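Start from chain A and add chain B with the ligands according to the hints.
Chain order of the listed sequences is A and B. Going by our numbering, the residue at position 287 of the first sequence is 285; the numbering climbs one at a time, nothing skipped. Going by our numbering, the residue at position 296 of the second sequence is 297; the numbering climbs one at a time, nothing skipped.
The hints are simulated quantities; they were obtained by calculation from the structure and are not laboratory data. Be aware that one or more of the hints could be misleading.
As the list claims (entries may be wrong) - Derived lysine-lysine pairs resembling BS3-like cross-links, with alpha carbons at most 25 Å apart:
| hint | chain 1 | residue 1 | chain 2 | residue 2 |
| --- | --- | --- | --- | --- |
| 1 | A | Lys339 | A | Lys21 |
| 2 | A | Lys162 | B | Lys243 |
| 3 | A | Lys158 | B | Lys243 |
From a predicted model like this one, the values you see are computed outputs, not experimental measurements.
Here is how the chains run, residue by residue.
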Amino acid sequence: MSEPLVEVKNLKVRFDVREGIIKAVDGATFTVHYGQTLGVIGESGCGKSVTARAILNMVPKPGKVVGGEILYHRRRPSENGSEVTEIVNILDLDPDGEEIRQIRGGEIAMIFQEPMSSLTPVYTAGAHITEAVTLHRLLPIRKVGDQMAETIQAHRRVSKQEAKEIAIEMLRRVGIPNPRERVDAYPHQLSGGQRQRVMIAIALSCQPDMLIADEPTTALDVSIEAQILDLMRELQEETNMAIMFITHNLGVVAEMAQEIVVMYLGNIVERASVVDIFYNPKHPYTRALLESIPRFGKGRRQRLTSIKGMVPDPFHLPSGCLFHPRCPHFMPGKCDRIEPKWTQVGDNHWVRCLLYEKE
Amino acid sequence: MLAYLARRITYALIMVVLVSFVGFLIIDLPPGDFLTQKLAELQSRGDRSAELRIAEYRARYGLDKPLLTRYWIWATHFITGDFGESFQYERPVSDLLSQRLMMTAVLAIATLAITWLVAIPIGVYSAVHQYSLGDQIFTTISFIGLGMPGFLLALIILFFAAVILKQDIGGLFSRQYQDAPWSIGKVIDLLKHLWIPALIGSVTGAAGLIRIMRGNLLDTLGQPFVEAARARGLPNRTVVWKHAVRVAINPLIVILGSEALPSIIGGNALVAMVLNLPTTGPLFVQALQTQDMYLAGTGLVFYTIFLLIGNLLADLALAWADPRIRLG
Ligand SMILES: Nc1ncnc2c1ncn2[C@@H]1O[C@H](COP(=O)(O)OP(=O)(O)OP(=O)(O)O)[C@@H](O)[C@H]1O
Ligand SMILES: [Mg+2]
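Just chain A, with the same shape it has in the complex:
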């Protein structure tokens, strides 16, 4: 396994709303590695987007991080030209401060779930990209005739003209037809799929170390989705970028991710390699999720199994294992009393379920 980039440890996020407290994330632990893709799956409302926002230290208003840490292994060029890694706890940074702003967009970029309204309506697609590029991207200054021993790296900001060229190039790469013209298109002149591709172009234009993609392809049709996924993988290979890929689409995540975490009601219930999750799922919730995808070869008349029961009310969470009211392997007197702990069930395969806990 390659080097860690972001380690989320026991992250807890709460929303204090009038009706009570929502534990949107309650003890999430996982690691994103350089050059790898981590898939995050789970039903709607399980806390995927909140976790993603916490990584950028921008949990929205009534929300509050109440515990845990997010360790970012930040690679920076050092004095003598080589790279050093410093570890920053993102949650300790001032949320409006200089450092987190360098990280946001420049080192960890995010694509949001709402493509239709994530672009500022009064600015063109190109303006969005050039704004980000001039903010974050530095170009090395080549000095002609310098001594060989010269190792100090000088950087300069990208000029307006260069930024525009980068914008056009990025739009071309995400498959916007006629990018030289479309760079001046306003959001309302773009289709939903095109807007989403512009969002992706903005995120990738600064060559971030990590990309958080929150359901990035839900608005796209299948062929464009495939094109976007290819693009992400291509850039990942080029720049060793890490991807945190949040999705409902298990087919897509199987294609993209090396490792998967499964979330349920703010908890991570299982994490394993993509192969283990798909061929050897342990947690009853993971199994139920997998069974709910239609599969080729199943009888056409056979009904799609959906997960039994309803997602519980977030203000009245069940005791013990959160999944027990819906679990086919419910053990009375045990699952409703004891909170499951992390249990290792294989090589790098962890699950939180009492079925696997030894006494």
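Then chain B with the ligands, alone, in the frame of chain A:
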């Protein structure tokens, strides 16, 4: 865009013609109008020369001809800048207007500037720091400003200026500058007087504008594109002003257009009357009271023209500011 502009201007011209006709009816219709009154009065006194003058008016405005002809005569005169004569002042309406228009415009612009320069930053502050102490204070103040009757507010400000600041209130100039030629001293004297009516005139508008700006910006700040801008690493200032305020302020452009230009000609008549200001507002109000027809009709037509131009400019400004309207 050009077709749109042409269409808008055509509509505006049609509106002006219609309104000018109404304006003319105001001038023309009243049976006991100023002219006949004056004639009766003069005749009873046996003033021969006045009767001659009135005969001259009759000929000039074709008072014996049919309605449409009279309208035509009046309108063609109007276009050439001859708005008729004020009977009250016995001077051409154009003289009266040109004398007062400049001060009305100065006051209106000062009022607008105070309104917007105060309201926009406060509205933005209130939205960005929603529910903070500052927001609560501004919210309370703006509700008081909205709810308080204008005259009461005027009295309070006058009291404050007269008793506490020992300021000379009323009018726009001190006595010694009243008829003096323009000089630095006169400008300073004007500014000393101007702030009182400008402040009184701007409170209600500013209070309303604060509420609108705050509400619009709160809506906008909740939009995904604001969060997306922040996630790109932009500083808070840029996120708020360049992305959120820039979008939230667009609807206010319409308000500016439909208020600004008309207020330049009409002004705030109530305040102007209380403070005895040399602006057009009191002139028009008086004209309506005394049936000074040419003055009243001219005022109405000008007010409409300014309103239409203001709306047109506002729409153009909005199209310029918002690509969804410009290109959509
Ligand atoms: N601004 C907010 N105010 C109050 N509660 C919130 C807010 N944002 C999220 N939540 C709550 O936090 C929980 C997790 O939400 P989150 O958006 O992370 O879900 P998700 O897994 O991304 O779902 P989806 O797949 O639908 O996007 C939900 O119960 C939601 O109600
Ligand atoms: Mg989400």
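Hint check:
1. A:Lys339 <-> A:Lys21: holds (18 Å)
2. A:Lys162 <-> B:Lys243: Holds, because 19 Å separates the two Cα atoms, which is no more than 25 Å.
3. A:Lys158 <-> B:Lys243: holds (18 Å)
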